[in-house]
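Engineer: Assemble chain V onto chain E, guided by the hints.
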Amino acid sequence: MTKRQLVTRLVYLLVAGAAVVSLAGMGLLDPVEIARAVARLGSFVGDLFPPNPTVLPTLARAMGETVQIAFVGTLLGFLFSFPLAFLAAQNLFGITVTGPVRFLLGIVRTIPSLLWAVVFVVAFGLGPAAGALGVAFYTVGYLGKLYYEAFEGVDPEVVEAVKSVGGTRLQLLVYAVLPESANALVSQFLFMFEYNIRSSTIMGFVGAGGIGFYMLGYLQLLQYRNLLTALLLTLAVVMAVDYASGKLRALVLPAVPRRTRS
Amino acid sequence: MEYRWALEVQDLWFSYNGTADVLRGVNLRVEKGLLTMLLGRSGSGKTTLLKVVKGLLKPQKGALTVLGVPFAGERKSASREVAYIPQNLGLVRNLTALENTLTGALGRSGPFLSLLKVFSKETVEEARECLALLGLEGKHQEKAYNLSGGERQRVAIARALMQRPRLILADEFVSQLDPVMGFEIMEMVREIARKGVSLLITTHEMGIAARYGDRAVVMKEGMVVYEGTPYEVGEEGMLELLR
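These protein sequence lines map, in sequence, to chains E and V. Residue numbering for the first sequence follows numbering that gives the first Met the number 0, beginning at 0 and increasing consecutively. Residue numbering for the second sequence follows numbering that gives the first Met the number 0, beginning at 0 and increasing consecutively.
Chain E with its partners taken away, still in its complex shape (with noise of 0.2 Å):
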C-alpha cells in the first residue's frame, strides 16, 4: 500500500467515524427511539386530514401578502443590486472598487432574509413592511453576486471591442455588458422571486407579515388541520408563481443560440 492510498482510507475512516458518532449523539442509532419517533409521526400526520377549508378566505389574504412581500422584496432587491453588481464586476471596474463592493455584498448575503427581518420589525414594527425589506436586504445580497458574475461572464471580445471606440464606464454597460447578459439578468430576476416566495412564507414566524404567522400560530395551537390547508394554499401558490414565471421567462426570452462560426 501506497503511502497516499493509506492517507486516502485513513481518510474514509475518520469521515465514517465522524459520521457514526454524530449520529449516536443525536439518537439516530437507537431504534427504540426511531421506532417511537415514527409512530410519533404517524400519529401527527393523523391529526392533519383532513385540510380545514373553512379557513381558507383567512389564508388567501394571508397568502396574498406573502406574495406582496415576496414581490415588493425582489423588485427593491433588484434596483439595489443592480448598481451595486455594476461596480462590483471586475471587467468594468479595478479591485479598489470592486473588492469594496463585493464585501459589502458578502456581509449582506451572509444573514439570512429572516434576520433581516427581524432587524426590520425592529425598525419598523410588525407587518409585512418587514418581511418585504428583509426579502430585498437578501435578494440584494444573491442577485448582486449573480449579476456581477453575469457581467463577469461576457465575451471579453465584447467588452475590448466597445472599450476601444473610446466608450465610456456606462456605455460600456449599456453596449455590451447589458445587451449581452440580459437573458441571464431576466432569468435569474425570475428564479429570485420563486426563491422569495418560498422564503416569505415563513416571514410571519417572526412577526414580519405573510401566510406564516398563520403557520406559526396552528402549529403552537395544535391545529393541524388548519395547519395542512395552509401548506397545500403554499404549495398550489409557489407551483402556480412557478409555472407563471417559466411561462414569462419563455415568453421574455428570446432563444439565442450560442456563438457560432459559419
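None of these hints come from the bench; they were simulated from the model. Because the structure is a prediction, the values reported are computed rather than measured. For each residue, glycine too, the CB sits at the ideal point set by N, CA and C. Be careful, since some hints might not be right.
[Stated by the list, open to error] Calculated pairs, DSSO-like style, for lysine-lysine (alpha carbon to alpha carbon, straight line, at most 30 Å):
id : chain 1 : residue 1 : chain 2 : residue 2
1  : V       : K142      : E       : K144
2  : V       : K138      : V       : K194
3  : V       : K219      : V       : K60
4  : V       : K142      : E       : K246
5  : E       : K144      : V       : K116
6  : V       : K50       : V       : K60
7  : V       : K53       : V       : K142
8  : V       : K57       : V       : K31
9  : V       : K31       : V       : K142
[As the list claims (entries may be wrong)] So these bits of chain E aren't anywhere near chain V, every CB distance computed over 10 Å:
id : residue
10 : A34
11 : A38
12 : I94
13 : G98
Structural biologist: This is chain V only, laid out in the frame that chain E set:
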C-alpha cells in the same frame, strides 16, 4: 497633424505575467495609407502587439508613436482614430447590425444621450451609409446572432469605419471565412485603404498576405524578423521565415 508613419514601434516589450515576454523588442513601422499584413504563427505575439498599439494593454518598455502622436501625451485623442477589430469581431449578439455599427460612434457622441441610445440624425445616416457601402442595406435591423459569418465581418468593418479611423487594426481578419468570402472582404478592405486609411491586419494565411498586402511584416517568438514587401520574399520565403 502631418505624419509619415501611421504607426512607429521601437523596442517594445510586453509580458502578461512579468516573467515570460510575449513581445521582445519589437521594431515596426506602418506606412500611412498602406495595407500592411502582419504574419506569424500562433503565439508569435501578433494579437498582443495589436492590443498594445490600441492601448488595451500597457507595455513594460518601448516607444510607440500612433498617427504621429507619441504614446505619452495625447494618446487618447489619437486612440479614437485607431479602430480595432478583434479576432472574433466583438459584436454584441443581442444588438442589431445598425446598433452594432453605431457603437463605433460612441467615442464622439454625447455621453448621456448615447446611454439612451439616442444618436443624431447625421450619425444614424452615416451608420446606414457604412452598412450600405459594405452591401448590408437590407440587414440594418437584423440581430447580430442572425447574421452569417461574412455579414458579421462586414458589420465589424462598418463599426470600425464609424470611428472615422486613420488606422485600422484587424486581428486574424478573414481566417475563419471560406476563401471566396475572405477575398471579397479583403477587396473591400483594399478599397478602404485606397481612401487613405492605414491598415495593419494580422493573418497566418500567406496567400492573403501576398495578394493584398502592400507591406508584409513577419513576427516570430515576439520579434519582427522581416519587414518589406510581400513579393520581395514570396510565399515560399515567408514560409521559411515562419518556420
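Engineer: Work down the list of hints and note, for each, if the structure agrees.
Structural biologist: Structure-based check of each hint:
no. : hint            : in the structure
1   : V/K142 - E/K144 : holds (29 Å)
2   : V/K138 - V/K194 : holds (25 Å)
3   : V/K219 - V/K60  : holds (19 Å)
4   : V/K142 - E/K246 : holds (23 Å)
5   : E/K144 - V/K116 : holds (27 Å)
6   : V/K50 - V/K60   : holds (15 Å)
7   : V/K53 - V/K142  : holds (27 Å)
8   : V/K57 - V/K31   : holds (24 Å)
9   : V/K31 - V/K142  : violated (35 Å)
10  : A34             : holds (60 Å)
11  : A38             : holds (59 Å)
12  : I94             : holds (16 Å)
13  : G98             : holds (21 Å)
Checked against the numbered hints given earlier, this structure breaks only hint 9.
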